[in-house]
Amino acid sequence: MVRDVSFGQYFPGKSPIHRLDPRAKILMFIAYIVIIFCTFNFVSLGITAAFTVLFLVCSQISFKFYLKSLKLIILIVVFTSVLNLFYGSGDPLWQWGIFKITQDGINRAIFVTVRIVCLILASSCLTFTTSPTELTDAIERLMKPLRVIRVPVHEIAMMMSLALRFVPTLLEETDKIMQAQKARGADMESGGFVKRVRALIPILIPLFVSAFRRAYDVATAMECRCYRGGAGRTRMKQIHLSARDFVAFAILAAVIGGVIVCNILLTASI
Amino acid sequence: MSCVLELKNIGFTYGRGTPFEKRAVDGVNLTINKGELVGVIGHTGSGKSTLMQMLNGLLRPTDGQVLLDGKDIWEQPKKIRSVRFKVGMVFQYPEYQLFEETVYKDIAFGAQNRGMVRGELDEAVRKAAEFTGLSPDLLQKSPFDLSGGEKRRAAIAGVIAMDPEVLVLDEPTAGLDPMGREVLLSQIVRYHKERKNTVLLVSHSMEDIARVADRVMVMNKSRLVMLDETRKVFSHAAELEKMGLKIPQITKIIQELRGRGFELPESVLTVDEAFAALLPLLKKEGKIW
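Protein chains in written order, with the working numbering: chain A, 1 to 270; chain B, 1 to 289.
The hints are simulated quantities; they were obtained by calculation from the structure and are not laboratory data.
Warning: the hint list may mix true and false statements.
Unchecked claim - Listed below are the simulated DSS-like cross-link pairs for lysine-lysine, each with C-alpha atoms no more than 30 Å apart in a straight line: (1) B/LYS221 with B/LYS246; (2) A/LYS176 with B/LYS252; (3) B/LYS78 with A/LYS71.
If we strip away everything but chain B, and leave its shape as in the complex, we get:
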């Protein structure tokens, strides 16, 4: 598998040389492969957001290198804007970035900046709107007339329309109702499957991460502590809990049962998997409780 993003000993210090100096990211090395969906978890203030902002050159790392397709993104600082089109970044509560007269124009903003015109632009906008589940009749409305969830979709569509190779989403489902979360998450998965693009998903919901991520990276106290397959990461329940993180509830239940001597797989990520694992056990023992 070819890698798309590579971080070499990345570090970032806020307010260097002032009394408010703070080391936000320290010595992170990692590679992200093309086409994978990586979940990013970590406690508040663990450096996730800072790390994400270095991926598209919004922050310049104070140490180390960010390689995109094998090239240092800061090689030519004046051309950093082109990196931002390749690594699309959706911030937390992105609905606050809407500003245009119509939803259509707002979604087109980034794509236009990238240099798309007419047919190509129109197609990119409509496809992005479709991916995020915005109905076409909303496109001519003012973004300020939309509901909270629709605004969120419009903002995410604005980044998808730029057609980035890597899409970074910082807590895209925060503050949405359960139904909205569910729908948005499955749309992100669909986007990932159809475009075969790389997606980085920052989330506090372990259930969401467990369901969709191929690999998971764990940040703790400015450092990268784990980057492995989802199943392996969530088998380290004790370590994660020490960092103030949780594992999905269903994983926890199965692990507890294993601890009491039931023959179950080490790491179960979803309710469906748990169901499949428990059913034969039920048949064998007739009754397990």
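Isolated chain A (complex conformation):
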């Protein structure tokens, strides 16, 4: 049910991608997003797509899960590519009323599809191979410079990791409460829209109550361990850049270089 969603889940492992420094992964992910939207011809698009396949394979995670994560956005992909298909300029290849398909439109549709798919695959790869704690740690470290302008970096990171930690707990709780209310004859499967929304009340109220109770419990537990924010706090797991990360940087740099060279030398397709 609720637990079947694979987008954003973490799969523990020891692949080269798993062992990259999470900071490096986030930075490369950002660079990758930029570069994928800077591909203007088929060769550079091919290079980034090949690079995507490369790191998916390196992550040693079954393609089944990647396909599952794509399932969520299939509608968006279809919608935007169809829209792009009809928005091209140039000589129409096919026309019906105000709808026309041009070579430019077809190219646009292909580009937008490949870009979105690559984007989702890359972000799935990031969350599949990086545990939530690693992610928030990395974000905290990367945002450190913002402390100069008084952004509460540590607090933001702490909130994120607490929120992530409680996702599975609350899902489990929702399941339990749903079962209990169903046992009392709550009807969630039939009726019109209003009836279905009303049927959520017996689930949402206990869920909120228990979420607040848990929040108080965690706050008390943190205070008992003398938590007073980020100042002077050391970490159990230090993250370091290693040779592996520099290899990854080099590969990404080559891909970026390739895309830029292609863009300069070849004519743009869109």
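Let chain A serve as the given structure and place chain B on it in line with the hints.
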């Protein structure tokens, strides 16, 4: 005696077809008679809770059939809701299911879903509250203002108010203080005696089971290993201990004494029984220690 629930070769597998596949219940056959109080024991993870959730159709068995009054409950999957009124289920820590503005409304929730109205509903709610020992002045309070024990009672009353033929209680006394346990347990027994309904009681407390159950079923590693009269089940001390279960302390003491050559009955379930068994022995031998 007529049987109310019958399980035919029931099995349940979680996450079928995924790497997390787990067989939780395997090949269970049993019948529950009308009006009996059956204790359910088993180690954590032995499949008790999964089995209980199949009794009222919250989980659909992956194999086998559940017969309620002789009819397969999954014959018409769309009408499964009606089964949930006949087999009332009280989950572990049921106080987390409370949600209404007043205790009264919360207790009435299930009964209303069953279709009870006005007079009938009011009577069902008040009777259920009385059975669980909730005083009438609490009924108009918010359930979130009650104490832990009172919340538990209110939640159990919410299931009793539906007037189920079979009541399944999953560890109703967990986390209560000794006094609260004692009172709740005797109220369950009173409910069982007065309504003459079938009750299934899951518990980790062998003392409680020994005191109230007519029969006991033992689950171990997804399988049903015993279903017999309480006295007979607790005479298999060695087997139960192998499954990580215990027998009531008093039963254990009497069995040890028997092992040392004292003439005592094979299975004693309560302190009172032990007292009655030891007294004549004391008179006969004058002094036994």
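Right, here's what the structure says about each hint:
Annotation: proposed proximity of B/LYS221 to B/LYS246 holds, straight-line Cα distance about 16 Å (limit 30 Å). For the hint linking A/LYS176 to B/LYS252, the alpha-carbon distance of about 37 Å lies beyond 30 Å, and the restraint is violated. Proximity of B/LYS78 to A/LYS71 is assessed by CA-CA distance (about 29 Å); at most 30 Å being required, the pair is judged to hold.
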